[in-house]
Amino acid sequence: MELEQYRTRLEQMVEEKSKDLIAIQEKLETTNRRKLLFISVL
1 MELEQYRTRL
11 EQMVEEKSKD
21 LIAIQEKLET
31 TNRRKLLFIS
41 VL
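1 is the number of the first residue of the sequence shown in this note's numbering; add one for each residue after it.
One should not assume that every hint holds.
To be verified - As a list, the in silico DSSO-like pairs of lysine-lysine whose alpha-carbon atoms are at most 30 Å apart:
1) Lys-35 with Lys-19
2) Lys-27 with Lys-17
3) Lys-35 with Lys-17
Because the hints were derived from the structure by calculation, they are not lab data.
Working from the sequences, and respecting the hints, build out all of it.
This is how it looks when you write it as C-alpha coordinates:
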(Lines of atoms letter the chains of each structure in order from A; the text may use other names.)
(Lines give C-alpha, C1' and ligand atoms only; values in the text may rest on other atoms or scores of the structure.)
Protein backbone atom coordinates (compact mmCIF):
# COMPACT_ATOMS: atom_id res chain seq x y z
CA MET A 1 0.00 0.00 0.00
CA GLU A 2 2.83 2.37 0.83
CA LEU A 3 4.37 1.81 -2.60
CA GLU A 4 1.07 2.67 -4.27
CA GLN A 5 0.87 5.96 -2.36
CA TYR A 6 4.47 6.74 -3.28
CA ARG A 7 3.77 6.03 -6.96
CA THR A 8 0.63 8.18 -6.90
CA ARG A 9 2.54 11.06 -5.31
CA LEU A 10 5.30 10.79 -7.90
CA GLU A 11 2.74 10.86 -10.70
CA GLN A 12 1.20 14.01 -9.18
CA MET A 13 4.61 15.65 -8.96
CA VAL A 14 5.38 14.83 -12.59
CA GLU A 15 2.01 16.23 -13.68
CA GLU A 16 2.59 19.46 -11.72
CA LYS A 17 6.07 19.91 -13.18
CA SER A 18 4.77 19.22 -16.67
CA LYS A 19 2.10 21.91 -16.26
CA ASP A 20 4.74 24.34 -14.98
CA LEU A 21 6.99 23.63 -17.95
CA ILE A 22 4.14 24.11 -20.42
CA ALA A 23 3.29 27.47 -18.84
CA ILE A 24 6.93 28.56 -18.98
CA GLN A 25 7.22 27.48 -22.61
CA GLU A 26 4.11 29.49 -23.51
CA LYS A 27 5.55 32.58 -21.79
CA LEU A 28 8.85 32.15 -23.63
CA GLU A 29 7.09 31.80 -26.97
CA THR A 30 5.04 34.94 -26.30
CA THR A 31 8.15 36.85 -25.28
CA ASN A 32 9.98 35.68 -28.37
CA ARG A 33 7.13 36.78 -30.64
CA ARG A 34 7.12 40.21 -28.99
CA LYS A 35 10.88 40.47 -29.38
CA LEU A 36 10.67 39.60 -33.07
CA LEU A 37 7.89 42.14 -33.57
CA PHE A 38 9.93 44.81 -31.80
CA ILE A 39 13.00 44.05 -33.91
CA SER A 40 10.95 44.14 -37.11
CA VAL A 41 9.75 47.65 -36.22
CA LEU A 42 13.30 48.95 -35.84
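Tested hints:
1. Among the hinted pairs, Lys-35 with Lys-19 is consistent with the structure: their alpha-carbon atoms are about 24 Å apart, no more than 30 Å.
2. Between Lys-27 and Lys-17, the direct Cα distance comes to roughly 15 Å. Compliance with the 30 Å bound is thereby established for this hinted pair.
3. With a C-alpha separation of about 27 Å, the suggested pairing of Lys-35 with Lys-17 holds against the 30 Å cut-off.
In summary, this structure violates none of the numbered hints.
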